[in-house]
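**Q** Sequence:
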Amino acid sequence: MAALTRACGGLLIWAVVFSLMYGAHGLGCERGWVGVPVAGTSLHLIVLGALWIAGLVVLAGYGVVPRLTRSTEEKPTLIDRLTTGLAAVGFISLIFTGGPILLYPACV
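The sequence shown begins at 8 in the working numbering and counts up one residue at a time.
Don't read these hints as lab results, they were simulated from the structure.
Heads up, a few of these hints could be off.
To be verified - Restraint-style ranges between C-beta atoms, simulated for each label pair:
1. 82 - 45: 46 to 56 Å
2. 81 - 53: 21 to 31 Å
3. 113 - 61: 19 to 29 Å
4. 82 - 37: 44 to 54 Å
5. 84 - 39: 41 to 51 Å
6. 84 - 113: 41 to 51 Å
7. 46 - 80: 43 to 53 Å
8. 39 - 72: 36 to 46 Å
9. 44 - 80: 52 to 62 Å
10. 81 - 57: 33 to 43 Å
11. 10 - 115: 41 to 51 Å
12. 26 - 92: 16 to 26 Å
13. 114 - 57: 15 to 25 Å
14. 47 - 81: 47 to 57 Å
Glycine included, every Cβ here is placed at the ideal spot set by N, Cα and C.
Kindly produce the complete structure, drawing on both the sequences and the hints.
**A** If you want it as structure tokens, here you go:
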């Protein structure tokens, strides 16, 4: 069971980061973060951008770790391949689901 959880970890990380971004977007709209200027942009955009970048870094690291911890003589196991592949899927999914929030952080 632990191996399956490790293999699906990339998608689990994506789901957590997506939920955090979704929640931060709603909270920021409700609290008026769009109107708070920070470094030439809004607090809303800074918070969402920080969550997005942190998620991308974690997903990239999660996908690379199995390759770094394995010696060069060892062949990758199926779980290692699934972990790397699903982390890549989570990474790409986060780019496409998080990117538009940064481009259009409008509160309606």
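**Q** Failing hints, ascending?
**A** Of the numbered hints, just 2 does not hold.
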